[in-house]
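Residue numbers (my numbering), protein chains in the order written: chain A, 1 to 301; chain B, 302 to 602.
Think of the hints as simulated: they come from the structure by calculation, not from any bench.
Heads up, some of the hints might be wrong.
Label pairs and their in silico Cβ distance ranges [what the hints assert, rightly or not]:
no., chain 1, residue 1, chain 2, residue 2, range
1, B, 311, A, 26, 55 to 63 Å
2, B, 329, A, 284, 25 to 33 Å
3, B, 521, A, 2, 54 to 62 Å
4, B, 374, A, 163, 25 to 33 Å
5, A, 15, B, 475, 29 to 37 Å
6, A, 68, B, 560, 25 to 33 Å
7, B, 584, A, 34, 19 to 27 Å
8, B, 521, A, 11, 35 to 43 Å
9, A, 283, B, 327, 47 to 55 Å
10, A, 37, B, 455, 39 to 47 Å
11, B, 340, A, 2, 51 to 59 Å
The beta carbon of each residue, even a glycine, is placed where N, CA and C say it ideally should be.
Number of protein chains: 2
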Amino acid sequence: MKEPFEKYIADLQNSICQSIEQMDGNEKFKEDVWQREGGGGGVTRVISNGIIFEKGGVNRSAVFGEVTPALAAQLKTSGASFFATGISLVIHPVNPMVPTVHANFRYFELYDQQKNKIDGWFGGGADLTPYYLFEEDAVHFHQTFKSACDRFDPSFYPTFKLQCDNYFNNTHRGHERRGVGGIFYDYLRPNTSHDENFFFEFSKACGDSFVKAYLPIVERRKNLTFTDEQRKWQELRRGRYVEFNLIHDRGTIFGLKSNGRTESILMSLPPRVRFEYDDKPVAGSKEEELIRVLKNPREWV
Amino acid sequence: MKEPFEKYIADLQNSICQSIEQMDGNEKFKEDVWQREGGGGGVTRVISNGIIFEKGGVNRSAVFGEVTPALAAQLKTSGASFFATGISLVIHPVNPMVPTVHANFRYFELYDQQKNKIDGWFGGGADLTPYYLFEEDAVHFHQTFKSACDRFDPSFYPTFKLQCDNYFNNTHRGHERRGVGGIFYDYLRPNTSHDENFFFEFSKACGDSFVKAYLPIVERRKNLTFTDEQRKWQELRRGRYVEFNLIHDRGTIFGLKSNGRTESILMSLPPRVRFEYDDKPVAGSKEEELIRVLKNPREWV
Chain A
1 MKEPFEKYIA DLQNSICQSI EQMDGNEKFK EDVWQREGGG GGVTRVISNG IIFEKGGVNR
61 SAVFGEVTPA LAAQLKTSGA SFFATGISLV IHPVNPMVPT VHANFRYFEL YDQQKNKIDG
121 WFGGGADLTP YYLFEEDAVH FHQTFKSACD RFDPSFYPTF KLQCDNYFNN THRGHERRGV
181 GGIFYDYLRP NTSHDENFFF EFSKACGDSF VKAYLPIVER RKNLTFTDEQ RKWQELRRGR
241 YVEFNLIHDR GTIFGLKSNG RTESILMSLP PRVRFEYDDK PVAGSKEEEL IRVLKNPREW
301 V
Chain B
302 MKEPFEKYIA DLQNSICQSI EQMDGNEKFK EDVWQREGGG GGVTRVISNG IIFEKGGVNR
362 SAVFGEVTPA LAAQLKTSGA SFFATGISLV IHPVNPMVPT VHANFRYFEL YDQQKNKIDG
422 WFGGGADLTP YYLFEEDAVH FHQTFKSACD RFDPSFYPTF KLQCDNYFNN THRGHERRGV
482 GGIFYDYLRP NTSHDENFFF EFSKACGDSF VKAYLPIVER RKNLTFTDEQ RKWQELRRGR
542 YVEFNLIHDR GTIFGLKSNG RTESILMSLP PRVRFEYDDK PVAGSKEEEL IRVLKNPREW
602 V
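Turn these sequences into a full structure, and let the hints guide you.
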């Protein structure tokens, strides 16, 4: 499963970067190939100061090594060594009418002292972070991933939608979600009903849905005009994105504390950000409406 | 000890805010008085968009309540209930030639089930975060706190200077310190040589040193001209400040995860920030010189 999944995410990285470049029409991704001390490495691609995309990163990696005590605690399971491969991306557009997006698809294996595979699972998801809420965009994003889920199991979408709302949650902001969600799944292991290949196909279906879920939204919103005040609101909301990623995101915190490649991990941070004391949207405004939805996640489909 | 320390920090908050306002000459602090569910409250004062100070917060609080398991783990000691009071401040100037500064002075008590005091200690410190290094500023800041320390114990300054370098450390950035340090102390308890009052007097000496340590530096640098590029560098470096506070700072993370007052905790975040992928200063530049010092802390006095 390692090789086919690695090949899949390498192809996915190519096709996503190509679609993003084509949409931007001006900027191209720059690539950094890196090695990891202890085993493995990755390919980080970053786009900066595009016409549409202010900052975006599409990263893939395949790493292996010993299971440290910190990793065992994070995984809530144990083994002597591990292999992990995945793709992780975050796109921050210039225009506050265009939402930020994140997606991640990964595969993990654990081995015993004799290097026998003792466990393996898939994880992943995608979530949308608008600065101004266009309901049809949230519906389109959710519908696209729901359609992918439904081809595999009707219980997947409702389960993974809820997990997404619960995960991307700034609990310290009165349970304000990072955005309007999407899907989030983890520890999908072969079981009595489904083999490993079933979950591989499911992961591919989700990965293949990313461009279809996100780019039509960009297309619809990219030419909308916006004011300096709306841009300021976007920068304040990006502050919340930073808060989530650095305070709550397990992958980010674990990566940084276990000597991961800092630049590849923190490519997710937005390019320009504001933090103001006690900033609050005006009552009855579009900005306040967004916060209300973030605090009370909706069913979009 | 609770009452005299609370009174001291209330006076210190007043005198620091007054000095900052006087230096700015334009903006005034705004005050929020808040209550804490579970016991106590605080007084948060924030200055925004001043001529010299872009964002600053000077917060004091006195809180009490049950020792939760999370708090016990954080304190590495136990008790049934606690009382904590302190002042915490962060000042972010407009001009990148003027350093950011942070200081914190606090007192903590623990009680048993019968409400008898079973432990009590002082903590605190101050550290300076320049964007451009003026050696005489680092020397002045350290010398001021060293003079305060030396009046109490010649071992204090070298110990607390080292603790400061070790604490304000972005380990995930190749052990890049947040700034040029200062002093950091914690768990100063009565012992065979010194009573509680000795450490109270020491804390007061440190608190009283803050204005003397920082404002002469602001005075010297506030009228220096700067370019857009230097301002950009400041905003990138402020990104590192955000990273430290949200990833590593024990007080911030504990406060946010234990339902502290989010706005008062995060008043420390800089007003405008940038995050760029793999930003690196030009070889031989002033910016690179700063990084070198942050990675290899110096003895300033």
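| message | Given a hint of 51 to 59 Å, does the C-beta separation of residue 340 of chain B and residue 2 of chain A actually sit inside it? | response | This hint holds: roughly 54 Å between Cβ atoms.
| field | Distance restraint hint 25 to 33 Å, applied to the beta-carbon atoms of residue 68 of chain A and residue 560 of chain B | value | holds, 31 Å
| Verdict for residue 329 of chain B, residue 284 of chain A (Cβ pair) under range 25 to 33 Å | holds, 30 Å
| task | Please test the hint of 55 to 63 Å on the beta carbon pair from residue 311 of chain B and residue 26 of chain A. | result | holds, 56 Å
| said: Just to be sure I understand the hint, the distance between the Cβ atoms of residue 15 of chain A and residue 475 of chain B should be within 29 to 37 Å; is that true here? | reply: holds, 34 Å
| field | Range agreement (Cβ of residue 327 of chain B with Cβ of residue 283 of chain A, hint 47 to 55 Å) | value | violated, 30 Å
| For the pair residue 521 of chain B and residue 2 of chain A, does the Cβ-Cβ distance stay inside 54 to 62 Å? | 60 Å Cβ-Cβ, so the 54 to 62 Å window holds.
| message | Given a hint of 19 to 27 Å, does the C-beta separation of residue 584 of chain B and residue 34 of chain A actually sit inside it? | response | holds, 21 Å
| message | Taking the Cβ atom of residue 521 of chain B and the Cβ atom of residue 11 of chain A, is their distance within the range 35 to 43 Å? | response | violated, 58 Å
| task | Please test the hint of 25 to 33 Å on the beta carbon pair from residue 374 of chain B and residue 163 of chain A. | result | holds, 27 Å
| CB-CB spacing for residue 455 of chain B and residue 37 of chain A relative to the 39 to 47 Å hint | holds, 42 Å
The structure does not agree with the numbered hints 8 and 9 stated previously, though it agrees with the rest.
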